[in-house]
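Asker: With chain W's structure known, arrange chain X on it following the hints.
Protein chains in written order, with numbering that gives the first Met the number 0: chain W, 0 to 155; chain X, 0 to 45.
Simulated from the structure, these hints should not be mistaken for lab results. Take the hints with a grain of salt, since some may be wrong.
Listed next, with one range per pair, are the computed distances between beta-carbon atoms [what the hints assert, rightly or not]:
| hint | chain 1 | residue 1 | chain 2 | residue 2 | range |
| --- | --- | --- | --- | --- | --- |
| 1 | W | Ala47 | X | Ile6 | 44 to 54 angstroms |
| 2 | X | Ala11 | W | Ala63 | 49 to 59 angstroms |
| 3 | W | Ala5 | X | Ile6 | 16 to 26 angstroms |
Which stretches of chain W does chain X cover? Using the computed rule of at least three CB atoms under 8 angstroms from a CB of chain X, they are [what the hints assert, rightly or not]:
| hint | segment |
| --- | --- |
| 4 | 18 to 29 |
| 5 | 32 to 41 |
Short derived list, chain W residues pointing at chain X, Cβ under 10 angstroms [what the hints assert, rightly or not]:
| hint | residue |
| --- | --- |
| 6 | Gly3 |
| 7 | Val11 |
| 8 | Val13 |
Quick reminder that beta carbons are idealized off the backbone N, C-alpha and C, glycines included.
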Amino acid sequence: MRKGIAEPLAYVAVLAVLAAVLVAEGRRRVDLERRLPVEAKELYRTLARSQTGWQVIDVRPDLADGYEESHVPGAIPLPGCDLARAPAGARDRIYPTVPTIVVSGEGDEPELRACLARFGTARGLAGGMAAWSAARLPEDSGEYAPPSAKAGGGCL
Amino acid sequence: MRTQVRILFALAVVALAAGWLGLRSGNAALEARLAAAGAKAGERSP
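Here chain X stands alone, though its shape is the one from the complex:
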């Protein structure tokens, strides 16, 4: 396989992996907010 093609593939893998990691950390933050909102609602209800 030509080096340029190999570099292109590697860049695509890195870009997708970075996107996945970013989404995953964003989702974790959202889940934490959701849990906090749920706990707050639980405190309010008798």
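Looking at chain W on its own, in the form it has when it is part of the complex:
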């Protein structure tokens, strides 16, 4: 009888070990993706064909001198990554569980990493808004206006 349950138990043990290493590898993937910034042109291509619902968050601290002057189309302002400083219409459009691209000024600010950790899946924009502008990609300007569709922002 004992011999009868030994084999399924062995299979279950192997499955449990494999599931554990799979989960660990998945967590490592999330961490790596968070550390790897997305290039401006890669982001443009992603947003242009996106059906996946990425949200783009602009965390440059000065709203008037940063976001309102120029921003990635569809980006949602979150100055200094502080929800209290976000415009009223933007606050309820920022979802921590949605895959997120965080845009800063130059892409290497220390507060950028802290902001990335606030989202489940998040990547920074390599070179920040400066790289986006230098690549001559489409830009919007002016105050944040929530999209009329249910998309949640982030679309071009």
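Answerer: This is chain X only, laid out in the frame that chain W set:
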């Protein structure tokens, strides 16, 4: 143990192992990209 159950277990093991290997190779590629990006940033900074 019945043969069908044994096959089911074996298939589950193979599927999980394949998923793990795929993730592992993907992660290795990401790590290489990260290292390359770090080296590039190091070149730029004085």
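Asker: Does each hint fit the structure? Answer for all of them.
Answerer: Against the structure, the hints:
For W/Ala47 and X/Ile6, the hinted distance range of 44 to 54 angstroms is satisfied, since their beta carbons lie about 45 angstroms from each other. The given range of 49 to 59 angstroms is respected by X/Ala11 and W/Ala63, whose C-beta atoms sit roughly 57 angstroms from each other. In this structure, W/Ala5 and X/Ile6 meet the distance hint of 16 to 26 angstroms, their C-beta atoms being roughly 18 angstroms apart. Counting residues of the segment 18 to 29 of chain W whose CB lies closer than 8 angstroms to any CB of chain X gives 7, so the stated coverage by that chain holds, three being the minimum.
Proximity of the segment 32 to 41 of chain W to chain X, defined as three or more residues with a beta carbon under 8 angstroms from a beta carbon of that chain, is established by the 4 residues found. For W/Gly3, the interface hint holds, since its Cβ comes within 10 angstroms of a Cβ in chain X; the closest pair sits about 7 angstroms apart. Residue-level restraint check for W/Val11 holds (minimum Cβ-Cβ distance to chain X is 8 angstroms; threshold 10 angstroms). Among the interface hints, the one on W/Val13 holds; its C-beta lies about 6 angstroms from the nearest C-beta in chain X, closer than the 10 angstroms criterion.
Checked against the numbered hints above, the structure violates none of them.
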